Structures are given as structure tokens and as C-alpha cells.
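Participant: Residues per chain are reported as follows:
Protein chains: 2
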Amino acid sequence: MSPDHAYRRLLAIYRERALLESCASLIDWDAETYLPAGGVELCAERQALLARLEHERAIDPEVSDLLAQAEAEAEEVRGEDDPLHAANLRELRREHDKAVRVPVALVEELARATTLAQGAWEVARDCGDPAPYLPCLERVVRATQEHADCVRGAGGRYDACLDSWEPGLDDEGLARLLDPLRAPLIDLADRAAGAGELPDLMAHRVAKPTQRALVRGLVARFGFDFARGRVDEAAHPSTIRIGPGDVRLTTRFDTSRPMAGLYPTLHELGHGLYDQNLPPEQFGMPVGDVPSLGLHESQARLFENLVGRSRAFWRFFLPELQAAAPAFGDLDVEAAYRSVNRVVRTCDRVGADEVTYDLHIALRIDLERALMTGDLVVGDLQSAWDEASARLLVRPRDARTGFLQDGHWAAGMFGYFPTYTLGNLTAAQLHRAASDAIPDLEDHIAAGSVAPLVEWLAGSVYRHGGALPAAVIVERASGGPIGTPRARRRRRLHRGPRALVVGCPTQHPTAAVRRGTWR
Amino acid sequence: MSPDHAYRRLLAIYRERALLESCASLIDWDAETYLPAGGVELCAERQALLARLEHERAIDPEVSDLLAQAEAEAEEVRGEDDPLHAANLRELRREHDKAVRVPVALVEELARATTLAQGAWEVARDCGDPAPYLPCLERVVRATQEHADCVRGAGGRYDACLDSWEPGLDDEGLARLLDPLRAPLIDLADRAAGAGELPDLMAHRVAKPTQRALVRGLVARFGFDFARGRVDEAAHPSTIRIGPGDVRLTTRFDTSRPMAGLYPTLHELGHGLYDQNLPPEQFGMPVGDVPSLGLHESQARLFENLVGRSRAFWRFFLPELQAAAPAFGDLDVEAAYRSVNRVVRTCDRVGADEVTYDLHIALRIDLERALMTGDLVVGDLQSAWDEASARLLVRPRDARTGFLQDGHWAAGMFGYFPTYTLGNLTAAQLHRAASDAIPDLEDHIAAGSVAPLVEWLAGSVYRHGGALPAAVIVERASGGPIGTPRARRRRRLHRGPRALVVGCPTQHPTAAVRRGTWR
Chain A
1 MSPDHAYRRL LAIYRERALL ESCASLIDWD AETYLPAGGV ELCAERQALL
51 ARLEHERAID PEVSDLLAQA EAEAEEVRGE DDPLHAANLR ELRREHDKAV
101 RVPVALVEEL ARATTLAQGA WEVARDCGDP APYLPCLERV VRATQEHADC
151 VRGAGGRYDA CLDSWEPGLD DEGLARLLDP LRAPLIDLAD RAAGAGELPD
201 LMAHRVAKPT QRALVRGLVA RFGFDFARGR VDEAAHPSTI RIGPGDVRLT
251 TRFDTSRPMA GLYPTLHELG HGLYDQNLPP EQFGMPVGDV PSLGLHESQA
301 RLFENLVGRS RAFWRFFLPE LQAAAPAFGD LDVEAAYRSV NRVVRTCDRV
351 GADEVTYDLH IALRIDLERA LMTGDLVVGD LQSAWDEASA RLLVRPRDAR
401 TGFLQDGHWA AGMFGYFPTY TLGNLTAAQL HRAASDAIPD LEDHIAAGSV
451 APLVEWLAGS VYRHGGALPA AVIVERASGG PIGTPRARRR RRLHRGPRAL
501 VVGCPTQHPT AAVRRGTWR
Chain B
520 MSPDHAYRRL LAIYRERALL ESCASLIDWD AETYLPAGGV ELCAERQALL
570 ARLEHERAID PEVSDLLAQA EAEAEEVRGE DDPLHAANLR ELRREHDKAV
620 RVPVALVEEL ARATTLAQGA WEVARDCGDP APYLPCLERV VRATQEHADC
670 VRGAGGRYDA CLDSWEPGLD DEGLARLLDP LRAPLIDLAD RAAGAGELPD
720 LMAHRVAKPT QRALVRGLVA RFGFDFARGR VDEAAHPSTI RIGPGDVRLT
770 TRFDTSRPMA GLYPTLHELG HGLYDQNLPP EQFGMPVGDV PSLGLHESQA
820 RLFENLVGRS RAFWRFFLPE LQAAAPAFGD LDVEAAYRSV NRVVRTCDRV
870 GADEVTYDLH IALRIDLERA LMTGDLVVGD LQSAWDEASA RLLVRPRDAR
920 TGFLQDGHWA AGMFGYFPTY TLGNLTAAQL HRAASDAIPD LEDHIAAGSV
970 APLVEWLAGS VYRHGGALPA AVIVERASGG PIGTPRARRR RRLHRGPRAL
1020 VVGCPTQHPT AAVRRGTWR
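Those sequence lines, one after another, are chains A and B. As numbered in our numbering, residues 1 to 519 make up the first sequence, in order. As numbered in our numbering, residues 520 to 1038 make up the second sequence, in order.
Hints are computed from structural coordinates only; laboratory data are not their basis. Check each hint, because a few of them may be wrong.
What the hints assert, rightly or not - Chain A stretches covered by chain B per the calculated footprint, using a threshold of three residues with CB under 8 angstroms from any CB of chain B:
hint: 1; region: 20 to 28
hint: 2; region: 85 to 96
hint: 3; region: 110 to 118
hint: 4; region: 179 to 186
hint: 5; region: 239 to 249
Note that the structure is a prediction, hence the values are computed from the model and not measured. A virtual CB, placed ideally from N, CA and C, is assigned to each residue, including glycine.
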């Protein structure tokens, strides 16, 4: 028997789980894109079965024994000399200890309930009537609460939710990171709005096929490999990694608001580049996956905002847009740049500017925490949402523009929203480090190339897979832990409020916000 | 414990198998439609895993015990009073006895090899170079031979292949049915070709979006429920039943040959209506599935030919076509009808007329039987194909129009081709019975409605699911076993060769062929 017999056997079992998850991911993708309405129930049964099979493999007593053996083997034979080995074992232990607390029936129920609720959510969102969706969401809330109760140990339910997406994050840590942002963000949004609302210069009608061709071209030019991926349309943009060689983005288009197709696509592109560049040889091992959703979102927000809302991007992209859609003929780069950086309080998170975006997240965090603790029930969700939205942003005119806009809760993704703000913080930090490492980064982007940026990200982030915790990856790449800008950046904060004026020609208006968030 | 405890437990295990198969079917559909090239290998691993999990459930020793108990229970308690119960048990026994002979590793290998070969086939077909595909096909041939050797018992390998698709059919039975057709078909094709080749009046250019809209409209009008199904495009048309509520057709379009999109779609519509109308409450039980592929193909060929190539169909459809594609403005119904019924020896099976179609099948049967016995090796397949095609039809000008045109063998579907001819025979018989039962059937079709036909098929065929063998369903529905036309039909055969003249205005030219095949 080889000295790492138990470890190898563990990885074989994990690989089988990864294949089951690959099946489930494909079924997820199908549910988001092409599944006919009549197939939703069967889809839920398929997902329940796959979730059970995966869970059975995670909690198998054989795995307990193998883990103990593998840990002993590692002590004896390898020590610290193989970091992948150590990281795999660490993650297998973490997952196993968590999984054994969750009954099989609950895992099935979660898979079933979330699939059904997502189907119901899509219908509710299309027709604007939340009534038939509410019981489905209630079922998801109940199952997620139960799941959190199983795994939370001494922590609260919301701690358990956070840990699912951002390992190690708890509610207290989240508060430490995000609470200081709230007042400054609200203040900033007030001041930016006070600068007077600019018209949306980008709101020309562009036919969907034209938009499709444009963003497809952009995504390909920015390095997304269509031989190993796809872009389709869905009710909610997302990125699904079926496995190495198969990464699928979804996006959506709005004829009268072409930017509502562009920015979500750039967001998913950031995810997609990360997923396509994870080390393929580590697929089917814990270290082959991303270490945290916050880090994943940082890649998305980086491409969406720090690339896509930059002046350099618009130098390259405006002529492309104008060639495809002559209605944009009158715009110049400066006007386009200002327009896509307008700060406006709206109801729409996905389309939100960088200043108000994290207010959308704050709203969701408050509500989902309350849903988890039981302080808020699903029946009161719409009114609670509307009130909170009126306070932080604006009052939604209906359920569709209000609490029905996001499908995360239908999918059981409670505790996911904070990773967007975490991603915003991390994105700014990584972008700064990349800009330092690539002095002519802006010129490249202005010439339509993000290749040097992607290369830097590949070396600093992608290549690690899940071998290091996200915090370590970010610290190594940027020189400081998440939320700590370097000194010379901090200094620039004191330039004063001029930087906050919307569309200010000398400064990316929201770059200041991101720095501001680190205070 | 309930008196049918063992039976219920068996059905629960079978239902899990059906869900695994539903996953595999969805993955199949994806592979045929949207899977990026880079995802093929992982797709093969997913299919291998699902095939193994399904097989493990089929051969589980628990199933052996339960089957014996359930058979005893049935003797004691139910006797013959529940035909579904009896049919389920019969089928479970048949499947189990077959499955236990096949090693798990071979089941995995078959799933893996066929997925990889289908990917390679698509590439080969696109670029016209068979070289990289041949080793993949060889691997499939080897695995299929091994599989046949496991299950064939005293029969030959090809017997085992036939039985996979048409339970109970062996090579001898096939010969009895099909051998008498060969000489008359060749003779008929000669005579029809002797009548002079008519120009293809349907070969106008029609943009793909127009074709898409047209066939989508047609498929919906003919009763395919888009709330419980889809139509997508693929390299090879097919119908995949993911389960009740989710039936997916694929088709393909050729800008310069719109009929190459219409007829395959009508073919798949026939399959799709059958699949959508199987008793949904029996999903996950053996009786919930179709009893044979020959019967399934009969539905496809019925809609493709007996509906779609009829004068009545063209009365309704020509104005629709003309409205969408003005290039058809000069045609009249009679000319369209004649044109879609031209008898021409070509290389193209899917596009073949009814006279030459079964020659395409004969060619494939000879070659696949030889591949299975080992008399033909994959390396010699192309030359063997070209020679046989030159003898029966015409010599292909390249691999793409020759042996690369069909993906069945890549998918391991040896023994499937005969079901098309079986389907042709059955379709004629069922259509005759339906015409007798619905005297104004042609008028309905000419008015654009197949509702009475579908209703008759639902009552005569669909509703049985797999509760009865195909032969019994056909006999009950048509009054005679497959291959036995009723006397008054036989009499009309003696009208003489006039009926064979292509485009003859008084008779559907190939109706005579189908009857002729029964002599």
C-alpha cells in the first residue's frame, strides 16, 4: 500500500463528488437558460437526487476513517512539504465535519425547494405577481434556516450562511468590514446626487442581435475562450463552471438600455476568466476550486467597473459601439465615460453605479439576516424591502423592481450578497496592485487589450485555485489584507470632495468611493 | 409490511434509475446542442459516472432478491388482475437478467467512448476529415461488441444489438421482414428513376430565421407543447425525452434546401408527440416508456411522410410557405407535392424519398452487422460504405456525404437502423387504420389540423406506454401484425406501375411502395 493510500482514495471519492456537482451545474445552467416551464418539477427531482448522492459521499463513514488515516499519513510522511496535499486535506476535513451535521433529507429538500423556487421566481418576475412565489420562497427560507441550525455550532444562523460563501467570515467580521462604509456611502450618494442628475446619454435603442454581437465580440477580445465556454441569455446573469473546458456565462439584454447588457456581461466575464483559468489539472480536488466567493466577485467587479467604467475602456469601446449603433454617433469618450458613471439612486442593483451599489447590498444584508433569524417573515418581505429601499435608495414602484429583482434567495443563497461588497473592496485593491505592476495598463485597455491585466491576475490570483485562503491570495497580490489600501493611496483621499462630483473629467468618480470605503 | 412491499421497493429503485437517466438525457441533449468543444471530455466522464450509478442500481443483489419476492407476491396476491403491475415486473426481470451479465467497467467505457466519439464525429463531419474520428469509432465498436458478447447468450452479436432497440427482434426475424423488400425496392427505384428526374422545385433559398419561424409555427400548430418542450438545432436531428414535461427536439436547417429542415422536423415532431403524450403518471416505471424503437420510428415516419408528403398537407402548408418565402410564389400544390415526392438515388438518408429510404437502411444494416461480427473493420468502413452505396444508391463524393453522415454508430447505436424500416412498415399500417377511423382525415390536414390524427394515436398507441409489447399495440390498432396490410389495401397493389411514376397526380407515389414492401 502506498504511503498516501488514504489520501488518494479520499481524492477519488471527492472527484466523484465533483463529477456529480458538474452534472448539477449543467442542470442549473439549463434551468437558467432553456428548461421549459413544464420541466421544472422533474428538474427539482434530478437536483434532489444528485445532491443526495453527493452528500452521501461526503458523509460516508469510510471518509471519516480515510480522513483520520490521511491526516496521520501526512504527519508521518509529508509534513508541510506539499502545500497542495495539505490544503486538500484541510478542505476535505472542513467540508466533512460540516457535512456530517446535515441530514440527507434536508440536503434533498434544499435542492428540491431551491429549484422549484427559482422556477417560480422567474414566473413571478415575468408577470410581476409575487403571490405564487411566496410559499416557494418560504420553503427555501425554512430549509436554509434548518441547514444553518445544523452547521452553525456556537454561531448564529447568519454566521453559518456567510461561512458557506466566504469561509471564515462571520457576522461580526462582516460588521467590522462593512459598518464603517454605510454612513460615508449614504453621504457620498447624497453629495453626488446633489451635483445634479445628468441625463443618461447611453439610453439609445439598440436591437438585441446587435447587442449580442457587440458583447460577444468584446468578451472574445478580452480573452474568454469560446472553445471552452459559452454566452447565453437568462433571467439573471450568472457564470456557471461546469468544469475545466466548459464555463458558461449568461447575460441579458434590454433594447432601450444597452448598458444593462454591457455591464452585466463584463461582470460575468470577470468571473468567467477566473473560472477558465483555474488550474485544470486540479479539477476534482478541493484546491481546484476558488477559495471564496468574495474573491470571485472581486474579479467580476474589477472587469465591470475598474475596466468597464474607465475612460481607457471607453476610448477603445466607443468607436466599436458607434460602428454597431449609429445612434451613439454624437457621443465623445468623455461624455460616455461620465454617463456610465452617473450616480443615481434607483431600485436596480445590477445596473447600479459604484456609489450606490453597496447600499443595495446593505439593504439585502439587513433583510436576509432578519429572514434567517426569523425577525422577518416572508409575508412581510415586500413591505420591509420597500421601506428599506425608500430609506437607502428609492421606493420601488412594484414587486418586480423591488424584492423580485434578484433570484439569490430563491436559490437559497443567503449570505451571498456580502461577497459583492467584499468583491468591490478586493477589486479596488487588486486593480491598484495591477496598475502598479503594469504602468501602461490604461494604454493597453485603450487599445482594446486586457491581456496584460489577465496575465497579472493569472499569476497573482487564478493560478492558486483554492490552494491558499482568499485573504492570503489578496494580501500577497496587493501587499495588504482586504480593506487596507496602501499608504500612498490613502494619501490621495485627502484631495477633498471635488473628486466626488459626478462625471468629473479629471478623476474616475467612484475610485474615491472605493478608497473612501477603506477609511 | 404491505403485500406488494418488494414490488414497491423495486419501483423506488427503478425511479432513481429513471432520474439518473433523465440527467444523462439532459447531458446528451446538451452535447448535441450547446456543449463547447472543450467540454467533451468532462461530459464523457459525467456520462460514465451516471451510467455506472444506474448500472449499479440495476444489478444490485437487493434487486435480485426483491424481484424474486415480488414475483412470488404477484403469484399469491394479484395474479393477472393488474396488467401494469405484471408488465412492470416482466420488464424489470428482463432488464435485470440482462444487466447482471455486463461488468460495470464496460458500462462506463461504453458511456465514455460513445460521448467522445460523438464529439469527434461532429468535428469530422464539419471538416470532412474522418482520420481523428476513426480510432474513437473503433473504441465504440470494440465496447459494443463486448457488450453484445455479454448479453447475447446463444444468439449472435447482431441479435443482441437488435434486441436493445426492438425487444425480441433477432437477425433472423429481421431478415424475414426485410429481405423480401430489397429486390422490389431496387426494382422500384430503377423504374421511378426511369420515369425521368424532375427538377427540385423546392430548392429556393430561405434564410434560416425564416425557416426556424416556419417550422416552429408548424410544430406548435400540430400539437407540440412548447411549455413542455423545445426545438433546438443540432448536427443531427433527434428527440430527447428528459421526462414528462420536458421533451426536446433538435433539427437543422440548410439555407438553400428548406425541405432539409422541414422533413426532419416533422420526423422529430412525430417522436415528440409520442413522448409528450406518454402517460406522465407512469414516469419512472418501466411501463412509462415506449415499448420499442420501431414503434417510436413509426410515429416519426408517419408525420414525416404520410402526413408531410401528402397532397393534403401541401394544400395547407404551401400558402404558409409562400407567405414566408415569396420565392415559392410560382408553385402550385400539385407541383409542390410532386417535387417533395421525387424519387432520386442520392447519398443522403435523412433527405431521402420514401422509395430509396429503405435502401439506405439496407446498406447500413449490412455494414453494421459486419462491424459487429468483425467481418468488417473500421479501417475499411469508408471503402465498404462507398462500394455498397454505389451498388444500391450512388457513390458518395466524400466521407462527409458518405459514412460520416450519420452519428448513430458513434453513439453506439448498432442495431438501431432497422427500426426505421420497421417504422416505415408500421407507419403505413397505422396510417391506414387512422384513415379508416377518421374518414375526413385528409380534409383536416388540408385545413392545417392533425388533431383528430393525434387523438387517434393517443388512444391507440401513446396511452399504452410500455404496458403492452409494440407488436400487440400495432395489431390492436391496425387489425394485423406488423407487415400484414389488410386485404382491401392489398388489392390496390394491382393497379400497375402507373402508380410508381414520380409525381403522378392521382396517387401518392410511394404509398404503393409501402404496400409493395408487404408482398
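Participant: Under a C-beta cut-off of less than 8 angstroms, do 3 or more residues of the region 110 to 118 of chain A approach chain B closely enough to confirm the stated coverage?
Facilitator: violated (count 0)
Participant: Taking a Cβ-to-Cβ distance below 8 angstroms as contact, does the region 20 to 28 of chain A have at least three residues touching chain B?
Facilitator: With 5 residues in contact (Cβ-Cβ under 8 angstroms with chain B), the coverage given for the region 20 to 28 of chain A holds.
Participant: Please count how many residues of the region 85 to 96 of chain A have a CB within 8 angstroms of a CB from chain B and say whether that reaches 3.
Facilitator: violated (count 0)
Participant: At a Cβ distance under 8 angstroms, does chain B reach at least three residues of the region 179 to 186 of chain A?
Facilitator: Violated: only 0 residues of the region 179 to 186 of chain A have a Cβ under 8 angstroms from chain B.
Participant: Examine the region 239 to 249 of chain A for residues whose CB is less than 8 angstroms from any CB of chain B, and state whether their number is three or more.
Facilitator: This one holds; 5 residues, not fewer than the three required, reach chain B with a Cβ under 8 angstroms.
In summary, the structure is inconsistent with hints 2, 3 and 4 from the numbered list given earlier, while agreeing with the others.
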